[in-house]
Amino acid sequence: MKAMREVAIVGIGQHPWGQFPEKNMQEMGVECTVDALKDANMSWRDIQSAAYGAYMWIADRGGVPSLLMGTSIARMMGETGIPMVNCVNACASGQAILREAVLAVASGHADTAIAVAADKSAGGFFRPQLRDPSPSKFDRGAENDTDYIRFCMTGETNPAYWAMELRRRMYDVGTTDEVLAMAKHITSQGAVNNPYARYRKVFTIEEIKASKYIADPLRLFEICATSDGAAAVIVTTLDNAKKHNKKPLLVKAITIGTPTFGDPTIRLTFCSAYPRPGVLDLSESRNAINVIYKISGLQPADIDIIELPDNSSWHYLVYLECILGLKAGEADKMLMSGKVHPITGELPVCSGGGVAAQGEAVVAQGLSQVCQLVRQMRGEAGDGQVKKTKLVNGLAQTYGYAGNNAACILSKAW
Amino acid sequence: MAKKQVPIIEGLFTWPSDRPQLLASKCKKCGAYFFPKVPYCGNPDCAKDKANMEVVPLSNTGTMYTFTIHTAQPALPFRMEPFTPYGVAMVDVAEGMRVLGMTTTTEGLKIGQQVQMTVGKLYEDADNEYITWMWKPVEK
Numbered sequence: 001m002k003a004m005r006e007v008a009i010v011g012i013g014q015h016p017w018g019q020f021p022e023k024n025m026q027e028m029g030v031e032c033t034v035d036a037l038k039d040a041n042m043s044w045r046d047i048q049s050a051a052y053g054a055y056m057w058i059a060d061r062g063g064v065p066s067l068l069m070g071t072s073i074a075r076m077m078g079e080t081g082i083p084m085v086n087c088v089n090a091c092a093s094g095q096a097i098l099r100e101a102v103l104a105v106a107s108g109h110a111d112t113a114i115a116v117a118a119d120k121s122a123g124g125f126f127r128p129q130l131r132d133p134s135p136s137k138f139d140r141g142a143e144n145d146t147d148y149i150r151f152c153m154t155g156e157t158n159p160a161y162w163a164m165e166l167r168r169r170m171y172d173v174g175t176t177d178e179v180l181a182m183a184k185h186i187t188s189q190g191a192v193n194n195p196y197a198r199y200r201k202v203f204t205i206e207e208i209k210a211s212k213y214i215a216d217p218l219r220l221f222e223i224c225a226t227s228d229g230a231a232a233v234i235v236t237t238l239d240n241a242k243k244h245n246k247k248p249l250l251v252k253a254i255t256i257g258t259p260t261f262g263d264p265t266i267r268l269t270f271c272s273a274y275p276r277p278g279v280l281d282l283s284e285s286r287n288a289i290n291v292i293y294k295i296s297g298l299q300p301a302d303i304d305i306i307e308l309p310d311n312s313s314w315h316y317l318v319y320l321e322c323i324l325g326l327k328a329g330e331a332d333k334m335l336m337s338g339k340v341h342p343i344t345g346e347l348p349v350c351s352g353g354g355v356a357a358q359g360e361a362v363v364a365q366g367l368s369q370v371c372q373l374v375r376q377m378r379g380e381a382g383d384g385q386v387k388k389t390k391l392v393n394g395l396a397q398t399y400g401y402a403g404n405n406a407a408c409i410l411s412k413a414w
Numbered sequence: 415m416a417k418k419q420v421p422i423i424e425g426l427f428t429w430p431s432d433r434p435q436l437l438a439s440k441c442k443k444c445g446a447y448f449f450p451k452v453p454y455c456g457n458p459d460c461a462k463d464k465a466n467m468e469v470v471p472l473s474n475t476g477t478m479y480t481f482t483i484h485t486a487q488p489a490l491p492f493r494m495e496p497f498t499p500y501g502v503a504m505v506d507v508a509e510g511m512r513v514l515g516m517t518t519t520t521e522g523l524k525i526g527q528q529v530q531m532t533v534g535k536l537y538e539d540a541d542n543e544y545i546t547w548m549w550k551p552v553e554k
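Residue numbers (my numbering), protein chains in the order written: chain Y, 1 to 414; chain V, 415 to 554.
Worth double-checking, as some hints may not be accurate.
What the hints assert, rightly or not - Here are a few chain Y residues that face chain V, going by a calculated C-beta distance under 10 Å:
1) GLU156
2) TRP162
3) ARG168
4) GLY262
5) PRO275
These are computed hints drawn from the structure, not numbers from a lab. None of the values given here were measured: they were computed from a predicted structure. Even for Gly, the Cβ is constructed at its ideal location relative to N, Cα and C.
Take these sequences, add in the hints, and give me the full structure.
This is how it looks when you write it as structure tokens:
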């Protein structure tokens, strides 16, 4: 970051993904905060600034304390009076809060900062926060809630949107059922030895193709589940990081992506698009990727390992193309070639099984991806360690609905 | 007596009508369209002046850009009684907009086919049938 201090990741803590009805989100947040502090060889009082993921589904659970996650976790950690911010950028929240922590340190506002997200999203399709199907009963305008309109009046769930994009892709570039099944099959091989993954088994091509359609052409095993999960990442100045951890990861670039006017995509929670010439789909994702390459001075060929947001098999393909600057359709060939195998690939992608093996814990997802990159780049992924030994630059990108995206590049700093 | 047909949310399409049309906002200055209606033009280079925005009905025919057939049943507030698998589509209309909507059928849907806007019932109570806009494939 120009004219700013270099910032490095000095500690990570992660709670396994899955379903944990016996714990609340704040407990999960405390567990991974404690783990991250231990990993950073620091104490809670060393943290000078904090950013938290604000839980989105408070109509289901958690209530206002989980929306105001920072101060409610501080009640358990012990209040120290530091600045705290709560952020909702949909599924891209995790990296959005990491950016907040990084900027706090880069700017000199704080020397050490933490990003923490804890989430209990397990339980079916995401849906609007208004639950009454008869909007006339409301004293507020449901006509202004496009999320409610798209859900109630068009039946569009998140997988429905993904499926529509996928069908168009199949029409335009010929993506096949075999490729879709392979995306799940290959990433699942990364999950087997990832203790943080929810589904630690290899899904065979046969069982994936035999799973039922949710929204055709997407099948049950080709879309991610919804999960509980939590993670924490501590950042400090690069100089200070070297004193606390033998293997600090420089945050070479981190950004948030939002859409460009004229994007042809009808993004989730909206009902229309107004496509303009020259504007590509997934503009929020392309914008984020362009920025991190520009800030870092790196190119796709410099990236050694990738965590991409495989919320569905469609996502896997389009995000591989987005990150590597490939033409539409080229990801299919790359996937089938084995080059991007999570463990044995020359460019490992989703080494821990990705979102497909974890299920999405909305606001924590981005931090989980960063934790996985850090473990791999440090060589601390145990039996799940990738075979590739040169891991200098790692890239993580998180998909969020409604035009929210975030991405970062981490670099080995020892 | 036939039940009254009531849009689930009012104001999204012309109703009652024999030939319903979606209601969009058009910016008189730059020509951009938005659906549902918006108070300001979303073009970043256009003035944020409510007086520029006019409500216009969209073409009620279009071209199928893509679709899915949704077989799983969403939870409330989505309500369809009785539940059956349904189609959801993105349709390109003449004004240059791409618009979401359910389809009237799950049979014979094709990318590139012509569709027409109509309405369809999702559920009913003692007095009313609750309707939404839908895209219906046109025979050619």
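Going down the list of hints, with the structure as the test:
| no. | hint | result |
| --- | --- | --- |
| 1 | GLU156 | 5 Å, holds |
| 2 | TRP162 | 9 Å, holds |
| 3 | ARG168 | 4 Å, holds |
| 4 | GLY262 | 8 Å, holds |
| 5 | PRO275 | 6 Å, holds |
The structure shown violates none of the earlier numbered hints.
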